[in-house]
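Whole structure, please, built from the sequences with the hints as guidance.
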Amino acid sequence: MAKSAPKRIVIILGESDNKKHHGIYGYPYPTDYFMMKMREAEKDKVAIFNAVSPASVTREAVIRMFSLATAKRIEPFTDNVSLLEMASAAGYEMLWLSKQGGIGLHDTLVRVIALQADRVSFVAGKFDDTLLKPFSDNLRVCLAFARESSWV
Numbered sequence: 001m002a003k004s005a006p007k008r009i010v011i012i013l014g015e016s017d018n019k020k021h022h023g024i025y026g027y028p029y030p031t032d033y034f035m036m037k038m039r040e041a042e043k044d045k046v047a048i049f050n051a052v053s054p055a056s057v058t059r060e061a062v063i064r065m066f067s068l069a070t071a072k073r074i075e076p077f078t079d080n081v082s083l084l085e086m087a088s089a090a091g092y093e094m095l096w097l098s099k100q101g102g103i104g105l106h107d108t109l110v111r112v113i114a115l116q117a118d119r120v121s122f123v124a125g126k127f128d129d130t131l132l133k134p135f136s137d138n139l140r141v142c143l144a145f146a147r148e149s150s151w152v
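The sequence shown begins at 1 in the working numbering and counts up one residue at a time.
The hints are simulated quantities; they were obtained by calculation from the structure and are not laboratory data.
Worth double-checking, as some hints may not be accurate.
Straight-line Cα separation of at most 35 Å, DSBU-like style, residue types lysine-lysine; simulated pairs [stated by the list, open to error]:
(1) Lys133 - Lys37
(2) Lys126 - Lys37
(3) Lys20 - Lys126
(4) Lys126 - Lys72
(5) Lys126 - Lys19
(6) Lys20 - Lys37
(7) Lys99 - Lys126
(8) Lys20 - Lys133
(9) Lys20 - Lys7
Only a predicted model underlies this, so the values are computations on that prediction, with no experimental measurement involved.
Here it is in structure tokens:
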């Protein structure tokens, strides 16, 4: 019997992203080729429409997106499990790639959430494209493992 593969979730957070510039959301140019091809190939992949960030800065938005905290109440962040902890309990494997600093005055709570992932990498760089190489490297590792465990 083949080894059961872990379920995986890929979350891509763009620091300076605007959905109005994504073809998957109706932009007339194919600026997000990967997301569009993924959606065409597998209808069970989901694109979230009409999403609004819960805060104007990334560090505050991440806390609220990955916990039960809201714009008005931070207590659920400290009093309840996070989305990553829930996913881990359900058997999902998680990779966290971030260009946030990881350590610093404004990064502590983001780091607390990030360290709940199975693999964490904080990548230095000014723009989001610095995450492409580590994402590609990790994708290759996952695909190689998938082939070896015969679940692809």
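Quick check: which numbered hints come out false for this structure?
Of the numbered hints given earlier, the structure breaks none, since each of them holds.
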